[in-house]
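Asks: Please model the complete structure; the sequences and the hints are all you need to start from.
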Amino acid sequence: MDVSGYASPESVIGVTITFLTIAVIAVALRLWTRFFIVRHPGLDDLFIAGAVLCTIGLAICTCVEVKISIGRHIETLSPEEAIAGNKALYASIAIYNIGLLCTKWSILIQYLRIFPQKTFRIACHVMLAVCLIYASWCFWNAVFFCSPVKAFWDPSLVATGKGTCFSREAVWFANAGINIATDCIIAALPIPMLNKLNISKRQKIALMAVFALGGFTCIISVLRLVSVYAVTNTDDPTYNNGQAALWSALEINIAIICSCIPTLKSIATRFFPKLFTTHAQSEGTPHYGQSYAAQYSDPGKRLQGNFSAFQRPIIGRGSDNAEIHLDQFGEGSRRDIKVVTVVDQEVEERSGESSSTRNLVDTESLRRSSEER
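Position one of the sequence shown corresponds to residue 1 (the UniProt record's numbering), numbered consecutively onward.
Hints listed in this document are in silico derivations from the structure and should not be mistaken for laboratory results.
Watch out, some of these pointers could steer you wrong.
To be verified - Calculated pairs, DSS-like style, for lysine-lysine (alpha carbon to alpha carbon, straight line, at most 27 Å):
1. Lys265 / Lys196
2. Lys87 / Lys118
3. Lys150 / Lys87
4. Lys118 / Lys201
5. Lys196 / Lys118
6. Lys162 / Lys87
7. Lys118 / Lys204
8. Lys265 / Lys201
9. Lys201 / Lys87
10. Lys150 / Lys162
As the list claims (entries may be wrong) - DEER-style ranges, computed between Cβ atoms:
11. Phe271 / Asp2: 42 to 52 Å
12. Phe272 / Pro79: 18 to 28 Å
13. Thr76 / Val126: 44 to 54 Å
14. Lys204 / Trp32: 22 to 32 Å
15. Pro41 / Pro79: 23 to 33 Å
16. Glu75 / Gln117: 53 to 63 Å
17. Phe272 / Phe144: 42 to 52 Å
18. Gly42 / Pro79: 15 to 25 Å
19. Lys274 / Thr119: 32 to 42 Å
20. Thr164 / Phe271: 52 to 62 Å
21. Phe272 / Ala170: 20 to 30 Å
No residue lacks a Cβ here, since even glycine has one placed at the ideal position from N, Cα and C.
Replies: Quick look at the structure:
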């Protein structure tokens with residue numbers, strides 16, 4: 001079956017840069033939220049930062065390929081151009097696989113921050129190991145795909161019998177198949193846990209919708225298979241490599257974006273309060289000038305204290321407007337949810353006509369409090 005993998009150089013650059021920009025913004029907002037609003041960063045943030053660095057590297061390699069070879073018929077390239085284009089492709093494959101590993105690990109570690117159930121945590125640790133083994137294999141065969149290594153970017157070595165390479169079709173399809181399987185498993189992992197959450201129906205539906213976004217990555221991975229088939233079954237790989245580059249950029253950037261969305265509610269609530277307070281007010285949430293109490297849900301215990309509702313973006317009724325951190329409780333404690341409501345209080349000094357804002361409840365102090373119990 002003759003399948004074209006051609007994509008115009010302009011479309012490859014446009015899609016790559018657009019989604020890279022969105023991914024970088026999403027990661028920047030995530031890190032800002034975790035470090036400065038919630039004040040509870042974790043390893044998942046470190047890995048997603050590594051993933052976005054990889055996608056930046058992938059974009060650079062793609063731009064080099066577009067400038068030199070993508071979209072051009074191979075017979076129009078000089079030997080030097082063909083070698084330079086293949087070197088960029090060689091680097092992009094290794095970077096792509098590292099980026100996917102960082103993204104998958106970030107998502108799985110984020111799951112571990114959220115769900116305390118022992119069985120689920122075991123499943124996450126198993127998937128962490130599976131992803132590491134898979135990524136190690138992908139990285140190894142990307143680096144040592146040919147013997148000697150330079151035979152990857154200099155096909156003349158293979159043509160003259162001075163080098164050998166693996167079958168691109170066999171290796172790339174096997175890798176893509178395992179990648180799709182791990183994507184689907186990771187996307188499906190939290191669904192049973194979400195059904196068991198002891199939270200409002202509205203919030204449960206919202207959480208399911210957010211986690212379901214991971215399914216987009218699975219769809220992109222499947223669609224990418226067509227471009228992989230096209231580039232591995234052609235005598236003109238530089239002309240037919242555009243779609244593969246485009247779909248690879250889409251896959252990793254959309255995975256990064258989807259992994260960041262669950263972490264952004266706090267910052268979204270702060271800057272767009274009306275979008276997140278309408279429902280709470282309709283249920284009787286106190287209006288401006290009235291008071292709120294910070295709470296966490298395990299056990300239904302309330303941290304007593306009335307706080308002025310100056311900073312409504314962060315606070316609300318119960319857990320509806322709170323960022324949820326479902327940390328693991330100690331052995332023997334209830335396997336339930338801990339919802340942290342971050343409350344800011346603005347204190348006005350009438351004499352000096354100045355004001356200051358201080359954070360009254362942070363997730364770290366609540367985490368220590370729950371551990372002491």
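Asks: Failing hints, ascending?
Replies: 2, 9, 12, 15, 18, 21
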